[in-house]
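Just so you know, the sequences run in chain order A and B. Letter by letter, the first sequence follows residues 113 to 367 in our numbering. Letter by letter, the second sequence follows residues 113 to 367 in our numbering.
Worth flagging that the hints you see were computed from the coordinates, not collected in a lab. Any given hint could be a false lead.
Since the list gives no way to pick out one identical chain from another, each pair is judged satisfied if it fits inside one copy or across any two copies.
[Claimed, not checked] Straight-line Cα separation of at most 20 Å, EDC-like style, residue types lysine to aspartate or glutamate; simulated pairs: (1) 229 - 203; (2) 229 - 243; (3) 236 - 163; (4) 274 - 366; (5) 236 - 349.
As the structure is a prediction and not an experimental result, all values here were calculated from the model.
Number of protein chains: 2
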Amino acid sequence: MRYFLYLAYDGTDFLGWQIQPAGRTVQGELEQRLSTMLRRPISITGAGRTDAGVHASQMVCHLNLDLSLGEMEQVTYRLRRFLPPDIALLEVRRVTEDAHARYDAVSRRYGYHVRTKASPFTRKYCTLVLETLDFAAMNEAASHLIGEHDFTTFSKKHSQVKTHICTVTEARWVRDSSFGECCYTFHITANRFLRNMVRGIVGTLFEVGRGKMEPSDFGDLLTARDRSLCGSSAPSEGLFLEEVTYPASIFEFDQ
Amino acid sequence: MRYFLYLAYDGTDFLGWQIQPAGRTVQGELEQRLSTMLRRPISITGAGRTDAGVHASQMVCHLNLDLSLGEMEQVTYRLRRFLPPDIALLEVRRVTEDAHARYDAVSRRYGYHVRTKASPFTRKYCTLVLETLDFAAMNEAASHLIGEHDFTTFSKKHSQVKTHICTVTEARWVRDSSFGECCYTFHITANRFLRNMVRGIVGTLFEVGRGKMEPSDFGDLLTARDRSLCGSSAPSEGLFLEEVTYPASIFEFDQ
Numbered sequence: 113m114r115y116f117l118y119l120a121y122d123g124t125d126f127l128g129w130q131i132q133p134a135g136r137t138v139q140g141e142l143e144q145r146l147s148t149m150l151r152r153p154i155s156i157t158g159a160g161r162t163d164a165g166v167h168a169s170q171m172v173c174h175l176n177l178d179l180s181l182g183e184m185e186q187v188t189y190r191l192r193r194f195l196p197p198d199i200a201l202l203e204v205r206r207v208t209e210d211a212h213a214r215y216d217a218v219s220r221r222y223g224y225h226v227r228t229k230a231s232p233f234t235r236k237y238c239t240l241v242l243e244t245l246d247f248a249a250m251n252e253a254a255s256h257l258i259g260e261h262d263f264t265t266f267s268k269k270h271s272q273v274k275t276h277i278c279t280v281t282e283a284r285w286v287r288d289s290s291f292g293e294c295c296y297t298f299h300i301t302a303n304r305f306l307r308n309m310v311r312g313i314v315g316t317l318f319e320v321g322r323g324k325m326e327p328s329d330f331g332d333l334l335t336a337r338d339r340s341l342c343g344s345s346a347p348s349e350g351l352f353l354e355e356v357t358y359p360a361s362i363f364e365f366d367q
Numbered sequence: 113m114r115y116f117l118y119l120a121y122d123g124t125d126f127l128g129w130q131i132q133p134a135g136r137t138v139q140g141e142l143e144q145r146l147s148t149m150l151r152r153p154i155s156i157t158g159a160g161r162t163d164a165g166v167h168a169s170q171m172v173c174h175l176n177l178d179l180s181l182g183e184m185e186q187v188t189y190r191l192r193r194f195l196p197p198d199i200a201l202l203e204v205r206r207v208t209e210d211a212h213a214r215y216d217a218v219s220r221r222y223g224y225h226v227r228t229k230a231s232p233f234t235r236k237y238c239t240l241v242l243e244t245l246d247f248a249a250m251n252e253a254a255s256h257l258i259g260e261h262d263f264t265t266f267s268k269k270h271s272q273v274k275t276h277i278c279t280v281t282e283a284r285w286v287r288d289s290s291f292g293e294c295c296y297t298f299h300i301t302a303n304r305f306l307r308n309m310v311r312g313i314v315g316t317l318f319e320v321g322r323g324k325m326e327p328s329d330f331g332d333l334l335t336a337r338d339r340s341l342c343g344s345s346a347p348s349e350g351l352f353l354e355e356v357t358y359p360a361s362i363f364e365f366d367q
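So that you can see chain A by itself, here it is in the shape it has in the complex (with noise of 0.2 Å):
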């Protein structure tokens, strides 16, 4: 039986999502833990990889298990007790058995937390940005963002991926009381994200909000087409994988 596990994590002390030969990982954690307690190895496919220190508030994953619903109930109740306190299990789901968490996600979903007043209580999860930021201004240069892109200019060199076009549902920056005052949010959906996008994105749009960048300069960067055009990649902290969405096909086993 193949399951779905939705996950959400604080990033602060994984290297990031994706397994390595060394040091701490949310794959490598998740995989040794269901490895001990199910007693055989257990491999886990993630929906995409977030970087070292980026959080998530819902991640995706999927594995085989071969245990009936009400038996993968345990696992589920067995391993909220057992997982470490900055990866919590929101949800487990059966799909169909070729249904896979990176391939079959149809579009997945940021947020970029800022706060423009410091607070010790949001950290860790909110980038403090202390100069006045023009929003109205960065929302005009995100509408840019709309639409099928060659997104090449936010990308991370050296990527593997065959092509950087991904087609942009959401980018706008909101207040958000979510962190408590002060806080205001940047949303952006796409079918795909390239490494690096997000906080290259958000990196700019901050040289915009500061009054370094005009926002039709950033719709010029964007169909440029250069990577050294981007501004500095905004910090890990801020960035949160907010939802994957998947076709509602493979949950037919879902009452």
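Could you slot chain B onto chain A? The hints should help.
For chain B alone, coordinates are given in the frame of chain A:
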């Protein structure tokens, strides 16, 4: 000139407010950074103490500085950038020369945060309780706290206070979305608090919430004035000092 500093801090990595011969404390960090910045020994007096791991969304302390309000603004600006990330300076107010952060405090308010569902992002600020808690019963029990009572039952042994009498003006559980869904906060306000009092009260209220104690029995515990009857202390991570209140007269310099 005497000034009040309003502070917030994440207590996770502190041994508490009060300076100690060894170990990191909030008072110690503040005095050290202020002394370094101003190149002379600076000592501060807090409104009270918080124990190891306890947070403050608003703590107050006083200090004397021969600086005009204009010079103080400069110091505030520099101090904000010089403080460690787990302490934030919220506000600086000039007060009358004899104003005392501890003795002049009229009331203090604490908040105790509980979550009934795990979250990696609030684990350091909310206590996770996976059992079902009957908040209505806990509120019925908490109503016995209102008024002037001897709180010996909820005090630590060997505390050096002369009296255990406190006047509680607020003691109730409310649903609270500030830390996300499934969060409840216990707000308690009193003219003064004894050491361990809030955590002792909350730990005992948990027993009521789990159905192990009747709300009326909780009232009997209080009147028994017997600290052996107190439940185990609730963990420190859920506890916040939320507010310290002073008479308006000490702020005569405010416009």
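- Query: Hints broken by the structure, by number, lowest first?
  - Reply: 4
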